[in-house]
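Chains as they are written, first to last, in numbering that gives the first Met the number 0: chain V, 0 to 93; chain E, 0 to 93; chain S, 0 to 93; chain B, 0 to 93; chain X, 0 to 93.
Hints in this document: simulated from the structure, not taken from any laboratory. Keep in mind that a hint or two might mislead.
[What the hints assert, rightly or not] Heads up, incomplete: computed chain B residues facing chain X, CB under 10 Å, no partners named:
#, residue
1, Met0
2, Thr8
3, Val10
4, Asp38
5, Ile50
6, Ser62
7, Ile78
8, Gly79
9, Ile80
10, Tyr87
[Claimed, not checked] To give an idea of the interface, some chain V residues facing chain B are shown, with a C-beta separation under 10 Å as derived from the structure:
#, residue
11, Val10
12, Thr19
13, Thr45
14, Val46
15, Ile50
16, Gly51
17, His58
18, Asn64
19, Gly79
20, Ile80
21, Tyr87
22, Leu90
Don't be surprised by glycine CBs; every beta carbon is placed ideally from N, CA and C.
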Amino acid sequence: MRLGRVIGTVVATRKDESLTGNKLMLTQPLDLDYKPIGDAYVAVDTVGAGIGEIVITTHGTASRNAANKKNSAIDSAIIGIVDNIDVYKELLDE
Amino acid sequence: MRLGRVIGTVVATRKDESLTGNKLMLTQPLDLDYKPIGDAYVAVDTVGAGIGEIVITTHGTASRNAANKKNSAIDSAIIGIVDNIDVYKELLDE
Amino acid sequence: MRLGRVIGTVVATRKDESLTGNKLMLTQPLDLDYKPIGDAYVAVDTVGAGIGEIVITTHGTASRNAANKKNSAIDSAIIGIVDNIDVYKELLDE
Amino acid sequence: MRLGRVIGTVVATRKDESLTGNKLMLTQPLDLDYKPIGDAYVAVDTVGAGIGEIVITTHGTASRNAANKKNSAIDSAIIGIVDNIDVYKELLDE
Amino acid sequence: MRLGRVIGTVVATRKDESLTGNKLMLTQPLDLDYKPIGDAYVAVDTVGAGIGEIVITTHGTASRNAANKKNSAIDSAIIGIVDNIDVYKELLDE
Chain V
0 MRLGRVIGTV VATRKDESLT GNKLMLTQPL DLDYKPIGDA YVAVDTVGAG
50 IGEIVITTHG TASRNAANKK NSAIDSAIIG IVDNIDVYKE LLDE
Chain E
0 MRLGRVIGTV VATRKDESLT GNKLMLTQPL DLDYKPIGDA YVAVDTVGAG
50 IGEIVITTHG TASRNAANKK NSAIDSAIIG IVDNIDVYKE LLDE
Chain S
0 MRLGRVIGTV VATRKDESLT GNKLMLTQPL DLDYKPIGDA YVAVDTVGAG
50 IGEIVITTHG TASRNAANKK NSAIDSAIIG IVDNIDVYKE LLDE
Chain B
0 MRLGRVIGTV VATRKDESLT GNKLMLTQPL DLDYKPIGDA YVAVDTVGAG
50 IGEIVITTHG TASRNAANKK NSAIDSAIIG IVDNIDVYKE LLDE
Chain X
0 MRLGRVIGTV VATRKDESLT GNKLMLTQPL DLDYKPIGDA YVAVDTVGAG
50 IGEIVITTHG TASRNAANKK NSAIDSAIIG IVDNIDVYKE LLDE
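With the rest of the complex left out, here is chain V (with noise of 0.2 Å):
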């Protein structure tokens, strides 16, 4: 799973169906220090996520577990809301 924040949402009317019901959100990818890193992708929510918020995302197979629809065109989904990371840097000095 990888740390991202929600920045912005997509609106497309013609999509595949299996889209219906599930709010796009584009998010960004941060690092530790939640700055950006690399490029923004659509996810769907299914934690009832905000805009500005830090999130855990997954991909894949996992994606259409948390959303519940396993046979959809998803591929990335918000699975949760961070409420603080825990991160011990100097160990990476090593």
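Fit chains E, S, B and X to the given chain V structure using the hints.
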């Protein structure tokens, strides 16, 4: 899922028969300013996307679900046409 | 799926028996100008592709579907021979 | 599978219920000198790994197998604690 | 599938039980000149590969198929030992 723009088509007379009936679209990944990022790839169209349109693509099993061809050779599909995106970029400066 | 060029073959006498009967082709990913991008990989041929041909490759479960070997050790397959591509690059400047 | 170091934990009260009971560990990928490479990600612990330990992680369906939760939202798991690695780097100069 | 060289082994006493009986090999991805590219990873051996050998690796479900352990925590496997490769590099200049 990823944002992309349909920028062309692929003609392949000799191909896996499971691809028959699906247009093969060249899709360019885009960032949130709709600028090209990374390498273009081939995706089947499942929503009637036209050349130049901004689309949502999915990958892996999800793409076969979208094409309703679970046993096919497909690994990428266009599953939505983007009307617009709402992005709150100021969130990235937090 | 990805565009690539068949640039060689791999000879491996000792290998997973599920690979028997499939040619192992070295495939070089290409951009839309057919210039090399990224690292070459090994794909099984399922369409009779020859050395030098421009092909479409697929990855993961899709490649085992294409080879009609669902329980095999295959994770990449050549599934089409490209006749030509039509690219509208001016769309990238929008 | 990949080598990594457990460098922290993620606290998320609101999350997919399939994650309940699994610690969410921040894992930093490592090279063969145990130096950080690439971006940290979130993996569930399945072997009782502690902060600072060098571990083996797996991804995709394999991670749900390891957690014994096939229908879960998990896409990465810690599946082993590294006692040591034996590396023959001189082989890279051949 | 990818080309790689076996450059070491991983010792892990505490690990997912589905890994028992499979050697964990450190594998370095190689280009077509057998030069290192990218980061080494951990793959289970399924063909009796030795340290220093050039091998073919597979990833995801294919690796569990190769190991004949569909429900395991494996996501990468060595599935062939390369005798030689035939590369037509001049094709890349076309």
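Outcome of the hint check:
1. The interface hint given for B:Met0 holds, since its Cβ lies 4 Å from the closest Cβ of chain X, which is under the 10 Å cut-off.
2. With 10 Å as the threshold, the beta carbon of B:Thr8 stays out of range of chain X, its nearest partner Cβ sitting at about 19 Å, so the hint is violated.
3. The criterion of a C-beta within 10 Å of any C-beta in chain X is not met by B:Val10, whose closest approach is roughly 25 Å, and the hint is violated.
4. Violation of the interface hint for B:Asp38 is found here, the shortest Cβ-Cβ separation to chain X being roughly 12 Å, above the 10 Å cut-off.
5. Proximity of B:Ile50 to chain X is violated relative to the hint, the smallest CB-CB distance being about 16 Å (cut-off 10 Å).
6. A distance limit of 10 Å between C-beta atoms decides the matter here; for B:Ser62 the minimum to chain X is near 7 Å, and the interface restraint holds.
7. The interface hint given for B:Ile78 is met, as the beta carbon of that residue sits about 4 Å from the closest beta carbon of chain X, less than 10 Å.
8. For B:Gly79, the interface hint holds, the least distance from its beta-carbon to any beta-carbon of chain X being 3 Å, beneath 10 Å.
9. About 5 Å separates the beta-carbon of B:Ile80 from the nearest beta-carbon of chain X, less than 10 Å, and the hint is met.
10. Checking B:Tyr87 against chain X by beta carbon gives a least distance of about 5 Å; that is within 10 Å, so the hint holds.
11. Proximity of V:Val10 to chain B is violated relative to the hint, the smallest CB-CB distance being about 25 Å (cut-off 10 Å).
12. Taking 10 Å as the C-beta cut-off, the interface hint given for V:Thr19 is violated, the closest approach to chain B being about 20 Å.
13. Hint status for V:Thr45 relative to chain B: holds, with the closest Cβ pair at about 6 Å, below 10 Å.
14. Interface restraint check: V:Val46 against chain B, minimum CB-CB distance 6 Å, threshold 10 Å, status holds.
15. Of the supplied interface hints, the one on V:Ile50 is violated, with its beta-carbon coming no nearer than about 16 Å to a beta-carbon of chain B, more than 10 Å.
16. At a threshold of 10 Å, the smallest CB-CB gap from V:Gly51 to chain B is about 15 Å, leaving the interface hint violated.
17. Below 10 Å, beta-carbon pairs count as interface contacts, and V:His58 has one with chain B at about 5 Å; its hint therefore holds.
18. Contact between V:Asn64 and chain B, as hinted, is supported at the beta carbon level, the nearest pair being about 5 Å apart and thus within 10 Å.
19. Interface hint status for V:Gly79: upheld, as the beta-carbon distance to the closest one in chain B is roughly 3 Å, under 10 Å.
20. Proximity of V:Ile80 to chain B holds as hinted, the smallest CB-CB distance being about 5 Å (cut-off 10 Å).
21. The restraint placing V:Tyr87 at the interface with chain B holds, with a minimum CB-CB distance near 5 Å, inside the 10 Å limit.
22. At a threshold of 10 Å, the smallest CB-CB gap from V:Leu90 to chain B is about 5 Å, leaving the interface hint in force.
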